[in-house]
Amino acid sequence: MKIIRTFGLLAVLALLLAFPLLFGDPAVTTIAIFTLLFAGATVAWNIFSGYTGYISLGSAVFYGVGGYALALLCKAWNIQGGYMPFLLLPLVGLIASAFAIPLGWIALRSSRHVFVVITIAMFYIFQLLAFNLPGITNGSDGMFLPSPPWDAAFFNTPFYYVSLIVLLLCFFVSWWVRNSKYGLGLLAIRDDEERALSLGVKTGAYKLVAFAISAFFIGMIGALVNYFIGSLYPAFAFSPAFDITVALMAFLGGVGTLVGPLVGALLLAPLQQYLTVQLQIVGLDLILFGSLLLAVILLLPEGIVPSLRKTWTRWKASRGVRSPVAGSREKEEKALLAKGGREGNG
Amino acid sequence: MTLIIEAVVLGILTGSVYALMASGLTLVFGVLDIINIAQGILVIVGAYLSYTLEKYFHIDIILGLLVTIPALFLLGIGIEWAFMRRIKRDRVMISILVTFAVALVIEGLLNFIFTPNYVQLTAPYIDAALPVFGFYLPYIYLFGFLLSVVVLTLLYFLVYRTKFGFGLRASMQDRTAAALIGIDVERVQTVTFGIGVALAAAGGMVFGATNPFNAATSYDLISRLLVIIVLGGMGSLRGALFASLAMLVISDIIDVVWSPVWANVVFFALLIVLLLFRPQGFFGRLEGRKQ
Amino acid sequence: MNLLEALNVSKAFGGIHALDTCTVRVEQGSIAGLIGPNGSGKTTLFNVITGYERPDTGVIRFNGKTVEKPTPDKVFGMGIGRTFQLTRIFPRLTVMENMHVAVQRRGAASLLSRWSSSHEQRQALELLEFVGLTTLQDMPAGNLSYGQKKLLEFAFILIAQPRVILLDEPAGGINPTVINELRDRIRDLNRRGVTFLIVEHNMEFVMSICDTVTVLHRGTTIASGSPQAVRSNPAVLEAYLGG
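Chains as they are written, first to last, in our numbering: chain C, 1 to 346; chain X, 347 to 637; chain Z, 638 to 880.
Keep in mind that the hints were calculated from the coordinates and are not lab data. For clarity, every value in this text was computed on a predicted model and none was experimentally measured. Built from N, CA and C at the ideal position, the CB exists for glycine as well. The reader is advised that the hints may include incorrect statements.
[As the list claims (entries may be wrong)] In silico negatives: residues of chain C with every beta carbon more than 10 angstroms from chain X: (1) Thr30; (2) Lys75; (3) Trp77; (4) Phe86; (5) Ile106; (6) Arg112; (7) Pro148; (8) Gly200; (9) Leu248; (10) Phe251; (11) Leu267.
[Unchecked claim] Under the rule of at most 27 angstroms between Cα atoms (straight-line distance), these lysine-lysine pairs were calculated in the DSS-like manner: (12) Lys310(C) - Lys2(C); (13) Lys202(C) - Lys706(Z); (14) Lys202(C) - Lys181(C); (15) Lys2(C) - Lys181(C); (16) Lys711(Z) - Lys202(C); (17) Lys310(C) - Lys434(X); (18) Lys181(C) - Lys310(C); (19) Lys316(C) - Lys2(C); (20) Lys202(C) - Lys702(Z); (21) Lys711(Z) - Lys181(C).
[As the list claims (entries may be wrong)] Pulled a few chain X residues facing chain C out of the computed Cβ check, cut under 7 angstroms: (22) Val438; (23) Ser569; (24) Val576; (25) Asn610; (26) Val619; (27) Leu620; (28) Pro625.
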């Protein structure tokens with residue numbers, strides 16, 4: 001089993017690396033780039049919102065901050081288009097995290113429902129500031145990011161690979177967190193925060209750190225998207241659609257799981273790109289998107305990955321293969337009978 | 347100085363309309379544990395409905411309320427029955443996503459039917475204004491205020507003086523206990539959701555008459571409404587009223603004293619500042635809801 | 638020496654006076670019982686002591702020192718562990734993971750790995766054995782029966798080696814075999830120096846294990862002393878029959 005898994009992962013990785021070489025058409029690679037970037041954003045969003053259970057609908061703040069940070073850095077340090085701006089990405093991520101600390105500190109003082117509303121409010125404040133601080137952001141005229149000197153056929157390739165690197169890095173961090181003591185603390189916070197607190201988990205610090213990690217990657221991705229597009233406007237840098245889309249992808253795949261956000265994004269991002277570009281009928285994209293979200297939430301409330309896992313477990317159990325759950329139930333019953341007690345506890 | 351008085355008066359008048367819309371939102375939260383993100387778009391639906399009645403059937407917008415309010419009440423009941431009811435666990439969080447999804451679908455439908463072009467409700471008396479205190483007070487704002495007063499009074503009556511209202515308040519406090527004393531909690535929930543949406547219809551008409559709107563206006567609207575109910579204390583009707591008035595008055599004062607732009611920023615920033623000192627809002631309860 | 642004291646604590650919820658100048662003292666090394674008819678304020682007192690509720694008046698003292706503004710984490714730091722009537726465990730985590738949440742680590746770096754030391758693994762396993770849940774360690778805690786959840790909760794609060802353990806209705810809803818086991822565990826720990834304060838309705842359990850019993854009625858202490866003395870106290874009988 002393990003061998004198949006590792007082999008499969010390597011195959012997928014190889015495919016991902018070879019993708020631009022196999023599919024040269026810029027239209028296809030553009031969709032791929034957006035898919036990778038949204039996947040990264042969803043995985044990053046999940047590191048905080050999925051693991052702690054605090055749904056943030058204001059992550060677009062960091063997305064926009066990332067975009068503007070890159071634009072301003074390029075302007076201030078006179079950086080030309082090309083590979084240089086990519087090197088600035090980690091710095092951009094740190095800037096986004098720096099914003100996340102005070103914002104997170106304020107927002108996390110409240111209960112979960114109020115938290116959601118605060119993130120929405122923060123998002124609006126930043127959007128308004130972007131529109132209304134022309135000294136910094138150039139207001140609604142927007143800003144430009146330096147144009148890379150690559151020709152049309154090659155243009156997407158560096159973006160593809162950088163996006164892939166960011167996604168892999170983000171996924172790796174998510175994996176590491178999930179399997180660490182820290183991640184266990186986050187999951188405990190999701191299940192019963194007060195209880196975790198009463199057992200010595202430093203819930204405040206844990207949440208804030210997750211929030212900052214999430215912001216780091218979302219900031220980088222915001223910068224990448226805007227660099228790819230070439231221009232930056234307040235309405236798009238700080239777009240309400242971002243959080244909805246990311247949340248939908250996470251929920252579709254299975255929020256709070258490791259792989260779920262990835263699955264959700266890989267399924268939904270290409271679809272979304274296709275819809276917004278191809279469909280000319282006004283409003284249809286929203287109707288489809290909303291209906292899809294409804295269907296997913298009502299029919300598969302836990303998302304694809306956990307539902308698949310459950311079906312797999314049930315299928316194995318019905319085949320007579322011992323699943324961990326079924327097995328331990330039997331052992332428990334045997335233990336009880338051995339004690340001479342009655343069947344079942346309480 | 348007259349500017350400030352004007353701002354205060356206008357703030358109170360527009361605040362009352364927001365109170366209408368926010369009351370629906372906070373009521374639904376109190377009774378169903380649901381944050382109805384679709385409230386914003388439902389207000390717009392009410393506005394568009396009034397618009398359609400006025401434009402194509404020449405029914406005056408005020409009279410039109412006799413149609414739009416019941417219509418949206420039924421729509422609300424339909425939404426609750428079709429979607430809200432299905433949410434079994436983790437109500438607050440899942441409801442945010444479900445109502446968001448419903449809002450998206452409705453937004454798409456509105457865009458499709460009406461196109462994204464801005465419209466505004468018209469009526470012969472909308473532009474007329476009453477001269478008072480040295481400035482002009484548009485009649486429509488006065489009417490909006492009156493409508494809000496009437497509807498909110500009726501609401502108060504319903505919640506505090508009727509048997510249904512008793513059931514509603516009991517369900518708010520403790521669903522299980524309410525069920526145990528014979529209250530049909532499910533029915534209360536469905537009807538409450540309907541009322542919440544009907545209130546959106548009423549608010550929608552006034553909103554549509556005083557603001558150019560399209561489907562996307564709902565984002566701004568729902569954000570403000572959410573801020574208002576959080577500030578007022580989620581589930582508190584008094585809070586919704588107080589917060590609506592306070593927020594709109596402050597916002598309008600900043601608008602004239604400083605600039606319209608910063609008025610918006612202040613609106614959202616006030617939320618954050620207040621929650622730093624009082625996380626439960628003005629009238630909210632600090633302890634969790636008993637079940 | 639009184640290890641834990643709640644002095645003149647009052648707490649009202651709206652018009653309901655859950656606690657009314659209530660005083661309870663727990664001597665170090667004892668197993669103290671807290672009983673009283675329904676609604677007498679026992680769980681509220683627990684909540685006040687462990688920082689889940691803020692009292693209107695009164696103080697909590699631990700080891701002779703007043704505790705300023707108790708909160709769950711502060712209380713934990715002082716060495717007080719507490720279980721809940723409706724068990725509070727982490728349902729989506731497995732039994733073993735539940736234990737590991739409670740295992741404390743030194744330093745931020747250690748947070749980055751999960752099973753870093755075999756010592757901690759052993760500690761968790763030992764406690765699971767102590768409560769008899771070893772075979773269920775990979776089961777999601779939410780799937781456990783009520784009694785098993787209680788045992789799990791008991792196990793993970795033990796990890797921090799608390800000096801005082803507050804148990805809220807430990808015998809409620811579980812069968813006699815398990816109750817006996819629980820009784821043995823409590824006695825065991827008590828011999829090793831752990832102090833207990835136990836809220837219980839099961840009179841037989843209280844009488845069999847507690848050194849002292851305090852009786853609450855309508856938010857205030859009406860009797861305190863040995864189980865035998867309390868049992869025959871007329872005020873106590875009146876409270877249970879009349880109140």
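Results of checking the hints against the structure:
no., hint, result
1, Thr30, "holds (24 angstroms)"
2, Lys75, "holds (24 angstroms)"
3, Trp77, "holds (30 angstroms)"
4, Phe86, "holds (33 angstroms)"
5, Ile106, "violated (6 angstroms)"
6, Arg112, "violated (7 angstroms)"
7, Pro148, "holds (33 angstroms)"
8, Gly200, "holds (22 angstroms)"
9, Leu248, "violated (8 angstroms)"
10, Phe251, "violated (6 angstroms)"
11, Leu267, "holds (17 angstroms)"
12, Lys310(C) - Lys2(C), "holds (20 angstroms)"
13, Lys202(C) - Lys706(Z), "holds (18 angstroms)"
14, Lys202(C) - Lys181(C), "holds (12 angstroms)"
15, Lys2(C) - Lys181(C), "holds (24 angstroms)"
16, Lys711(Z) - Lys202(C), "holds (11 angstroms)"
17, Lys310(C) - Lys434(X), "holds (19 angstroms)"
18, Lys181(C) - Lys310(C), "holds (25 angstroms)"
19, Lys316(C) - Lys2(C), "holds (18 angstroms)"
20, Lys202(C) - Lys702(Z), "holds (24 angstroms)"
21, Lys711(Z) - Lys181(C), "holds (21 angstroms)"
22, Val438, "holds (5 angstroms)"
23, Ser569, "holds (5 angstroms)"
24, Val576, "holds (5 angstroms)"
25, Asn610, "holds (5 angstroms)"
26, Val619, "violated (9 angstroms)"
27, Leu620, "violated (11 angstroms)"
28, Pro625, "holds (5 angstroms)"
Of the numbered hints given earlier, the model fails hints 5, 6, 9, 10, 26, 27; all others are met.
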